[in-house]
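*Asks:* So you can see what is in the structure, the chains are spelled out below.
2 protein chains.
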Amino acid sequence: MTSRNISRFWEWGRKIICVGRNYADHAKELKNAVPTEPVIFLKPPSSYVTEGSPILIPAYTSDLHHEVELGVVIGKGGTSIPQCEAMDHVAGYALCLDMTARDVQDQCKSQGLPWTLAKAFNTSCPVSAFIPKERVPDPGHVTLWLKVNEHVKQSGCTSQMIFSIPFIISYISDFISLEEGDLILTGTPKGVSAVQEHDELQAGIEGLITMSFRVDRAQ
Amino acid sequence: MTSRNISRFWEWGRKIICVGRNYADHAKELKNAVPTEPVIFLKPPSSYVTEGSPILIPAYTSDLHHEVELGVVIGKGGTSIPQCEAMDHVAGYALCLDMTARDVQDQCKSQGLPWTLAKAFNTSCPVSAFIPKERVPDPGHVTLWLKVNEHVKQSGCTSQMIFSIPFIISYISDFISLEEGDLILTGTPKGVSAVQEHDELQAGIEGLITMSFRVDRAQ
Ligand SMILES: [Mg+2]
Ligand SMILES: [Mg+2]
Ligand SMILES: [Mg+2]
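Chains A and B supply the protein sequences, listed in that same order.
One gets the numbering used here by counting positions in the first sequence from 1 and adding 44 to each.
One gets the numbering used here by counting positions in the second sequence from 1 and adding 44 to each.
For reference, chain A alone in the conformation it holds in the complex (with noise of 0.2 Å):
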């Protein structure tokens, strides 16, 4: 193997693993309960995309939605890895959308279907460029936005998530082994909603990095 660029982690990396209904006003606007667990779900590598490109909607959605949400990437995989040690195995950050057919989510929700249209379709996971460890001194405590052609959609902070990034990272390293590329989606704030072809997304955290993307039509 050649040496993998960290700061290319989505040419690379072999998964990513998202985290559900991670702030409780986020649950509250999808009416759904807040959860007194993770609720994990997967996209593929196939799904990145990054700036340049355009984020695509799905032929089969008509409520195709942007959910703003820190990234923290692997530096160092894992199995079982206590909460104490969970820092350690983190490279740095990425600030990422979890692109969502919400119609087509409700559909999967109410016949018990697993996620996979609604949340692992091509471009459902457009990243910013990689933030090094070093420049976010606390995770926790970060300030994430999202605008949707210069109209403020989306604020919140990452103190409001229900389970903090190390909770996180050691309940997922339970069951499913961490690598080193491996990006994990931590949830969104709420103010969700629907993009349009021709829609210019632009996000942010605050102080660190932004990141555009234009929304177009698959074909």
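Be aware that one or more of the hints could be misleading.
Pairs involving identical chains hold if they fit within one copy or between any two copies, as the list cannot separate such chains.
[What the hints assert, rightly or not] Below, in silico cross-link-like pairs of lysine to aspartate or glutamate (DMTMM-like), each with a Cα-Cα straight-line distance of 20 Å or less: (1) K153 / E81; (2) K191 / E250; (3) K120 / E55.
It is worth saying that the hints were derived from the structure and are not from the lab.
Put chain B with the ligands on the given structure of chain A with help from the hints.
*Replies:* For chain B with the ligands alone, coordinates are given in the frame of chain A:
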């Protein structure tokens, strides 16, 4: 990137895409409707296990089921692959088990939650040696079997699949781009049942390959 050996796809492949309820007799035994569209879910590459290592029962389940399945290994990536070209994207096959925490899956289904805990845990995807495509002239007519401690539990022919391999490849690639080294699990025939610590599982594709795995408790 150094050259990647397709016969060790589990070491570097980036996704595992599974089809559920693809044999009518298995859909019936679980009291599910026969689907009109494939049910698709994901396992992460960390769920791979090969012969010589045990299948581990997660601590949170008391009903871990075997599901023997034909795995299709992708040799050439693609998006929106037409059915008539689908087989050009196949490098070969593997015999696979889709290990499933059935009690947890039933809970996820009734609560509208993703199937991750039930399907994506470490060792949930035991795989055989790679079988080059040339050795399987008709993947739509091979017989899969599985024994637990020498007793036959599952035996079925891939001709009983509801959705064919070319259909599945085309269907998935419409929303999840396929890449070299990806694995597709194509569903299980009837006869799934619970395994216990110290069980010995043997499985085979008639005339082509056999594999065996011991079952152990996690930790
Ligand atoms: Mg989310
Ligand atoms: Mg995956
Ligand atoms: Mg299965």
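*Asks:* Find the hints from earlier in the document that the structure breaks and name them by number, from lowest to highest.
*Replies:* Every hint satisfied by this model.
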